[in-house]
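A.B. asks: The listed protein sequences correspond, in order, to chains A and B. Position 89 of the first sequence, counted from 1, bears residue number 89 in the working numbering, the numbering being contiguous throughout. Position 236 of the second sequence, counted from 1, bears residue number 236 in the working numbering, the numbering being contiguous throughout.
Certain hints may be false.
[As the list claims (entries may be wrong)] Pair ranges (Cβ atoms, derived):
| id | chain 1 | residue 1 | chain 2 | residue 2 | range |
| --- | --- | --- | --- | --- | --- |
| 1 | B | Asp214 | A | Ala103 | 53 to 59 Å |
| 2 | A | Lys84 | B | Pro129 | 44 to 50 Å |
| 3 | B | Ala59 | A | Gly90 | 46 to 52 Å |
For the record, the hints were derived by calculation from the structure and aren't laboratory data. By construction, the Cβ of each residue, glycine as well, lies at the ideal position given by its N, Cα and C atoms.
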Amino acid sequence: MKARLCVFAMGLMAAAVPMLAHHSFSAEFDSSKPITLKGNVTKIDWLNPHIWIYLDVKDDAGKVAHWQCEGGPPNTLTRNGWTKNDLKSGDAVTINGTLAKDASNTCNASQVSLPDGRRVLAGSSNPDAKQ
Amino acid sequence: MKAPAYASFLAAASAAAVVTVGLLFLTPGPVAGQDAGKGGGKAAGKGGAKGGGGYQPPAGPTPRLANGKPDFSGFWQRPYSPDMSAGATDLNGKPYPPEDPQHRTVALDPANAPAAGRGGGGRGARVLPYTALGAQDWKTYDPSNGDYTGACLPFGLMRSINSPDPLQIMQSTTFFAELFEQNTWFHVFPIDGRGHTNGTPTWFGDSIGKWDGDTLVVETNNFNGRTRLDTNGHGHSDQLVLTERWTRTDLGHIDYEMRIHDPKFYTEDWKNNRQFLLRTDQQIMEYSCEENNKSLYEGRIKAPKFDQP
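Looking at chain A on its own, in the form it has when it is part of the complex (with noise of 0.2 Å):
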């Protein structure tokens, strides 16, 4: 999990902000432990309240594990735009966002790119998207 799970304990990810929930962010997941994940998805849950993105990720010897982040409202997503469609499974994604307080493989996604860089499932991160 070395190579292409790669956590960033730094700043940086400081200004990713995470998307907006039914409940307060921090009762769930640790802001000061920011993480970036590459990997295949491999379901995507579209229910409220929020949607699951499930992932499998390999390390550099290739064991794989499994991983879940948390995204967006699905009504959020859907106002602006975005289907269940948006994103499939065996979709190679890169995900950055926060980790779970539990230390579980469990996270909050507050971006999810495509090996081409555009973003998708987007509008969720952001506190203002709804507003």
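Since the structure of chain A is already known, use the hints to place chain B on it.
C.D. replies: Okay, now just chain B, sitting in the frame of chain A:
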């Protein structure tokens, strides 16, 4: 993972409630503005633009009911207000001093943390006129220790108003119905001059509306004391009395004021002022908080524990 039984109950109750409210308004007055103009189209769009997307509401005069009173019916977009202190002033409009984030023992959400230069809806936190009890509550509140909203329990009236999810209003000469998209909750109260019911304390409280000219003044008391004012956790007691002043200034806008009176937690009354925007290009959507609340079901969020009254 199977949801707890109470979560299933809450989901069913929410759905039934919306049907009930809908039946109350089968013969409503004019649903002002809902069909007027199609401005904006699909806001934002792929690529991460804002939800507002340059949308402009339709122009026109304030709609009115048959009795001549303003009709607030419509689908309203409101500013997300995760920190009410940010836009807080005293009743004369004077802002409170800026708050030092280090004042707290628990860090604020980074999304909602204070930032200079932006008030009235989320940032630029200020020091509210706390009593000793209120200050202690604010300094020590820790959402990771059972934020009730993480369990999909009712946000309560204040936090529902502060939510970024839209609000459908349906109004007759007798009743005012707030249909919150957030978790598909509703709040219905009389506006025909009757008094408080003084019943069992509730999450959304006991509201009555009275007219002050063209402004609807809604007073709410009898809260159960289990809610917080906002996402960042400003507290209140069971003595909270909330006074909202609703003024539909024209077809597309509502001027909204929320006054907080709670002598247990605050030494003086204070208020927030906001503007709501009519959206004619969208409609309310279902929001079942319980259907996949993995964070609770998988134990990353703690369910709150309340003292019995």
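A.B. asks: Are the hints correct? Go through all of them and say.
C.D. replies: Going down the list of hints, with the structure as the test:
Between Asp214/B and Ala103/A the beta carbon distance is about 56 Å. The supplied range of 53 to 59 Å therefore holds. Judged by the Cβ atoms, the range 44 to 50 Å given for Lys84/A and Pro129/B holds: they are separated by roughly 47 Å. For the pair Ala59/B and Gly90/A, the supplied restraint of 46 to 52 Å holds, since their beta-carbon distance comes to about 48 Å.
Going through the hint list in order, the structure satisfies each hint without exception.
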